[in-house]
Amino acid sequence: PPRVLHADRRGAFLFFFDAFGKWSFFDVLLLQLLMAGFHLNFDVPTAQELPPGLCGSPTPLVGFATEVAPLELVSLFIVALMLSLIATNIVNHWHQVSVLESHRKYTAQLTSKIERTTLAR
Numbered sequence: 085p086p087r088v089l090h091a092d093r094r095g096a097f098l099f100f101f102d103a104f105g106k107w108s109f110f111d112v113l114l115l116q117l118l119m120a121g122f123h124l125n126f127d128v129p130t131a132q133e134l135p136p137g138l139c140g141s142p143t144p145l146v147g148f149a150t151e152v153a154p155l156e157l158v159s160l161f162i163v164a165l166m167l168s169l170i171a172t173n174i175v176n177h178w179h180q181v182s183v184l185e186s187h188r189k190y191t192a193q194l195t196s197k198i199e200r201t202t203l204a205r
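When you read off a place in the sequence shown, starting at 1, and then add 84, the result is the number in this note's numbering.
Please keep in mind that the hints were generated in silico from the structure rather than gathered at the bench.
One or more hints might be untrue.
Label-pair distances were calculated between CB atoms; the ranges are [stated by the list, open to error]:
(1) 146 with 171: 50 to 56 Å
(2) 198 with 110: 49 to 55 Å
(3) 187 with 162: 58 to 64 Å
(4) 179 with 126: 52 to 58 Å
(5) 185 with 158: 39 to 45 Å
(6) 128 with 171: 50 to 56 Å
(7) 102 with 158: 22 to 28 Å
(8) 162 with 183: 30 to 36 Å
(9) 149 with 111: 49 to 55 Å
(10) 103 with 162: 29 to 35 Å
(11) 163 with 124: 25 to 31 Å
(12) 108 with 197: 45 to 51 Å
(13) 171 with 148: 40 to 46 Å
By construction, the Cβ of each residue, glycine as well, lies at the ideal position given by its N, Cα and C atoms.
Model the full assembly from the supplied sequences, consistent with the hints where possible.
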């Protein structure tokens, strides 16, 4: 309500959320880049005297592999982010409608006052 948060201040907040809320998708991009960056496979070269492995290639002395897999929470984060952006756009739209309506009422009142003053003279 306007008595709690004035329309101009509410408009500034909504403009900020609308402008910078889209940058939240950068988190998703960064997450994807980190997942790709942490996918590592590393094998220490083999010694010549070791017997070959099952496939006929020499068995490595030491090897490790890391893989980062997204869980359900990543998808939930993306859905929540999209819902947040949609909600911000809806609230911003209704804010603009209410500001426009109050501006129209104020203009109509001002016009009628001017007409009454002009007719009284």
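Results for each hint:
no., hint, verdict
1, 146 with 171: 50 to 56 Å, "holds, 51 Å"
2, 198 with 110: 49 to 55 Å, "holds, 51 Å"
3, 187 with 162: 58 to 64 Å, "violated, 38 Å"
4, 179 with 126: 52 to 58 Å, "holds, 54 Å"
5, 185 with 158: 39 to 45 Å, "holds, 41 Å"
6, 128 with 171: 50 to 56 Å, "holds, 52 Å"
7, 102 with 158: 22 to 28 Å, "holds, 24 Å"
8, 162 with 183: 30 to 36 Å, "holds, 32 Å"
9, 149 with 111: 49 to 55 Å, "violated, 26 Å"
10, 103 with 162: 29 to 35 Å, "violated, 20 Å"
11, 163 with 124: 25 to 31 Å, "holds, 29 Å"
12, 108 with 197: 45 to 51 Å, "holds, 47 Å"
13, 171 with 148: 40 to 46 Å, "holds, 44 Å"
Hints 3, 9 and 10, counting from the list given before, are not met by this structure.
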